[in-house]
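Got two chains here, separate frames each, mind docking them using the hints?
Protein chains in written order, with the UniProt record's numbering: chain G, 1 to 298; chain X, 1 to 327.
Do not rely on the hints blindly, as some may be mistaken.
[Claimed, not checked] Here are some chain G residues pointing at chain X (derived, C-beta under 10 Å):
{"id": "1", "residue": "S21"}
{"id": "2", "residue": "L127"}
{"id": "3", "residue": "Q128"}
{"id": "4", "residue": "G132"}
{"id": "5", "residue": "V134"}
{"id": "6", "residue": "F144"}
{"id": "7", "residue": "A202"}
{"id": "8", "residue": "F218"}
{"id": "9", "residue": "S222"}
{"id": "10", "residue": "G226"}
{"id": "11", "residue": "L237"}
{"id": "12", "residue": "L242"}
{"id": "13", "residue": "N247"}
Derived from the structure by calculation, the hints contain no laboratory data.
All C-beta atoms, glycine included, are put in the ideal place defined by N, C-alpha and C.
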Amino acid sequence: MVHARKGKPPRVGDNIVFRRSLLGIVLVLVALMIVAPLVVIAVEAFSRGAVYFAESIADPDTRHAILLTVITALIAVPINTAFGVAAAWAITKHDFRGKRLLTVIIELPFSVSPIVAGVAYLFVYGLQGLFGPVLQSMEIKILFALPGIVLASMFVTAPFVARELIPLMQAQGRDLEEAATSLGASGWRTFFSVTLPNIKWALLYGVVLCNSRVMGEFGAVSVVSGNIRGQTNTLPLHIELLYHDYNAAGSFAAASILACLAIVTLVVKVALERQGAGRVQRPAALAGADSIIPETKP
Amino acid sequence: MKRLLLLGAALLGLAAPFSAHAADKLLNASYDVARELFAAENEAFVKAHPGVTIDQSHAGTSKQARAIVEGLEADVVTFNQVTDIDFLVKNGFVAEGWQEKFPNAASPFYSFPSFLVRAGNPKNIKDWSDLARDDVKVIFPNPKTSGNARYTYLAATAYAKEAFNNDPAKVEAFVTKIFDNVPVFDTGGRAATTTFVEREIGDVIITFEAETKSIAKQYGEDKFEGVVPSVSLLAEFPVAIVDKVADAKGSRELAKSYLDFLYAPEGQKIAAEFGHRVHDEKVAAEFKDQFPEIRLVNVDDVFGGWKKISEEHFAEGGTLDKIYGSR
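So that you can see chain X by itself, here it is in the shape it has in the complex (with noise of 0.2 Å):
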């Protein structure tokens, strides 16, 4: 029995460290597909700043925005979705004007929905308009459950803006007949590779550049190849200091300087080689040959901001409904 007292004890005891609270010792809360890409980050980071270290967790960024705001004690924010951290601002935990705090609206690096083919790119498959086309068959998760397949939908509607000079009827349409080329609809953007590359069903799969580009380092360069079309839509990665969380521990200089270093060259290579477009000159011109030019549109340009958008389209009732419920 005393024995058993004492395992309790030390048990305990193991958990005492978990509340410790430091000034040396930031958590960034990131998003789920970003572990080495930080782990690398941190690495070099901590190499610079001797004695520091840095927590890392990942996990869909509206459940970390959630956790946060239950009591995660983040100190920092490296998200994939603006909304999120806006969600953040509401609950009192990221300040207004985050944006404003931070380089290029607080993106240290970006990416954008992209194309990735099978090896040869065997339907010749080039720009969105090829997607509409009978003979394609084309991958991406359920917009209503993921993110990522949510900027598909939004890069292919405003590539249809575009060609069909914003005629409502005629983009609906062209977005409506690539959905009717999705064979599947999986939930996540980890299943939707399963589908193209285990299951070999479609000839395309849309999602972030840096995706396609991980997709094929992991399972085989030779057996895909990236394409990348005419235009497609800006996706930042927005970065903040969690306000309330640094205040209170003290940790507002050590999170400044972490994030200044995710903007710094040797913060900005790291991110290159995990297949993220970045901001430095000097770093773009030495990845050159890795990311062809593209350009890209903005959400605000487009379509007037992500309020306007999650009302129009995202909402009960919006245009991916009518697009989505009408396969």
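The shape of chain G in the complex, shown without the other chains (with noise of 0.2 Å):
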């Protein structure tokens, strides 16, 4: 701080013309990289005339996708939050050997490529794999049908919830949990009225990141879906398969119904967020532990 000027450190936002620049730099590269091809999106869909885009739509392998890029969403995320949460409870809240594994071993699939989880599930689950053979002869299909897509989508997304939570409960500590048992407070009874009011927020914003990977998950779910159209081809599937056939319209409607899905999770998670904001005390008010907020942490 050599130029420090009366004692006041001199910070970025003091130059207008720096602020500006990084300001301008920023939008053009939002524009670039998120608002055009979101345009393009549209655009496209509709190159061919809003007849063709409801034709698009209404093709019955199209609405299969939808349909089952949906299932898949319904299963995988609820096992998912029940899973991050259950993870990230035990990891903040207790301590228990092999702690740090855990931690390793959720964060994993991060670190893993899609295709690659894919291809192990081939071998784990394919005929020439691990329980192939077992499972062939109780005739249970896990490959190539719903539960393949399932638990594929389900592995890539599977630290989404925990990782979210992991640094919050961290941070919050374990004072108001062992408050809340010290008080006479079942284990569940402590989580719905202490921990879960808390971490509300974080759990909701897993679950929405949770949502829309499943929704948008490809590598995985391309090498274990078998690509059966009306079957198992799901709809980041389906959106390839068309493009491949020179059918761009087609593949552009499909993808503005997938861009649509986000932005109706997105839509639902402020809805829930504005319907709770004016709520956010009271459950901590139940707990009995009325001032006590995550802030008063250090």
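Pasting the structure below:
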């Protein structure tokens, strides 16, 4: 701070030219990298007219792809949410041997390429794989059917919820839970009345991220889906298929639906946030811990 | 909680039909750019065989072959690479001698690497020799990653072998010259099309004739024109019954009649409408105007079969590596 003026250290934002150019760069990047592609999807989707768009969406294979993607999300997201909360709870509120190992394992899917995950599932559940012959003799189909798609999606998105919760729950510490327990609250009650209210926004954010990723997952699902159209083609796979078929308008129409699903998720999140904003403190009061809110922690 | 469980049960119920078996149902595992073609073929077949369902799976055929070996229950395969059916033979899913079970080496229709140039053919590109000219930029994907481009590489080599009387040095120099004229090697056929059509790079794109027709159809017939070279390499679209699956499901009869249908006049006509050349003489005559004469050579005669090709040309350190690496 050699050039400090009158005890006031200079800050980055002081220089208006610098500030504006920084803002300009960000805006240009956002326009080029996010807005432009989204606009192109919309424009291309309607490039052959609204009627063709409607026909593309009404195509039974496209409709099925949408349904399959939604079903996959409906199964994978709740399971991963439960898993993520349980894992974060265990890691941040309890001490046990192998805790660090568990943390690493939970984060593993982040560092593994989805395509590798898909191939790994082939080696485990495929006919030539570990459990393949057993599964076949019991007539259980996992690969190239819904269970395989759900499993692959779950693998890829397993860390999302836990990853959002762990830093927050670590920062919040265990005092509240310990207080609740010492006052005689059961485990479940402690969780629902004390922990959950404190983590719900992070949880919601994790769920939204998890959901968008499940719906958009391509690599891992591509390996285990079998690409049977009208049966195991999820929306992202279907988009690629249409694109390869030189059906650009149909492919962009399907892509716009996928984008819409993502937007719906975001809207739901915002709506929930709005609704919950007014009642943020009430659950904490229920636990008899009126004044204790997260920021009291150092 | 109870409602959640009910929902879960209902969703699991949805999974059940995926594992149902029935002999009035076929799964056709096919290559990646054949969706529209088989949508039309299947519709016609189902019309002739009411009550039958044909399911379609599309992906790169190497991936399809791998999926079948890992449990994708396809009754029939309609591929664009002979070697991928051989992979199924090696793993015991298709019986040996599959190429004798259906006419024309089990290939109901065929195509070959052909040219698509910009409207009016401004660079006057007529044959493979023009691709080696200094002023011509050529587009095709990377033969290391694209089966389509391997055909292009082999067709150019086949032309050069004839033109230079099998002189290996001259053949290699010629093919190298063509490779030098390629400004970008995309990973797949679809990406190469984007380079040629949307980025407007290159004077000519080389891909299967059927594909050149779909590109022109999609992006404007007035913007491009097809050019058929003097000679090219026969590209087969082999079909087979996946014996292991068909026997387990009891679907052999239906599978056979489905593949036979692809050879019948109606099936052949649909293939021709999608830009494939067909063997049925009547149908071929009907579409004569759309398919200029061409002399086709085949892999066995020119190169001594696929096995030899993969050893000499596509193996690590093979001819392709030498040519591709020299750039």
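Exercise for review: Starting from the hint list further up, note which numbers the structure goes against and sort them upward.
Suggested key: 1, 5, 7 and 8
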